[in-house]
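Asker: Construct the entire structure; sequences and hints are all you get.
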Amino acid sequence: MSFQNKTVWITGASSGIGEAIAYELSNRGAELIISSRRKDALEEVKRKCNNPSNVHIITLDLAQTDQLANKADEAL
442 MSFQNKTVWI TGASSGIGEA IAYELSNRGA ELIISSRRKD ALEEVKRKCN
492 NPSNVHIITL DLAQTDQLAN KADEAL
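Just so we're aligned, residue 442 is where the sequence shown starts under the numbering used here, counting upward by one.
Keep in mind the hints are simulated off the structure, nothing from the lab.
None of the values given here were measured: they were computed from a predicted structure.
No false leads were slipped in.
The following label-pair restraints were derived from C-beta to C-beta distances:
{"hint": "1", "residue 1": "504", "residue 2": "469", "range": "26 to 32 Å"}
{"hint": "2", "residue 1": "457", "residue 2": "513", "range": "20 to 26 Å"}
{"hint": "3", "residue 1": "457", "residue 2": "509", "range": "19 to 25 Å"}
{"hint": "4", "residue 1": "504", "residue 2": "468", "range": "29 to 35 Å"}
{"hint": "5", "residue 1": "510", "residue 2": "461", "range": "25 to 31 Å"}
Quick list of in silico lysine to any residue cross-link-like pairs, SDA-like style, CA-CA up to 25 Å:
{"hint": "6", "residue 1": "447", "residue 2": "469"}
{"hint": "7", "residue 1": "487", "residue 2": "464"}
{"hint": "8", "residue 1": "480", "residue 2": "510"}
{"hint": "9", "residue 1": "487", "residue 2": "504"}
{"hint": "10", "residue 1": "447", "residue 2": "482"}
{"hint": "11", "residue 1": "489", "residue 2": "512"}
{"hint": "12", "residue 1": "489", "residue 2": "443"}
{"hint": "13", "residue 1": "489", "residue 2": "461"}
{"hint": "14", "residue 1": "512", "residue 2": "462"}
{"hint": "15", "residue 1": "489", "residue 2": "444"}
{"hint": "16", "residue 1": "447", "residue 2": "494"}
{"hint": "17", "residue 1": "447", "residue 2": "465"}
From the three backbone atoms N, C-alpha and C, an ideal C-beta is built for every residue, glycine too.
Answerer: Put into structure tokens, the structure is as follows:
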């Protein structure tokens with residue numbers, strides 16, 4: 442399945458399943474927004490993606506629900 446011209450926001454993208462999904466969707470042509478609390482780890486994931494220029498980082502702690510609306514605005 443192609444993800445060309447699709448934007449996907451992946452939370453928990455700094456490790457584990459989220460990281461693996463980021464690599465797979467990058468390989469399939471998606472524009473990515475990757476999020477987690479650890480910006481340094483996100484930078485490494487971005488660097489390893491197939492097309493890093495199509496990967497955007499938004500640091501995010503899902504436990505801080507008061508910030509979610511601002512983060513959504515940032516993503517748009």
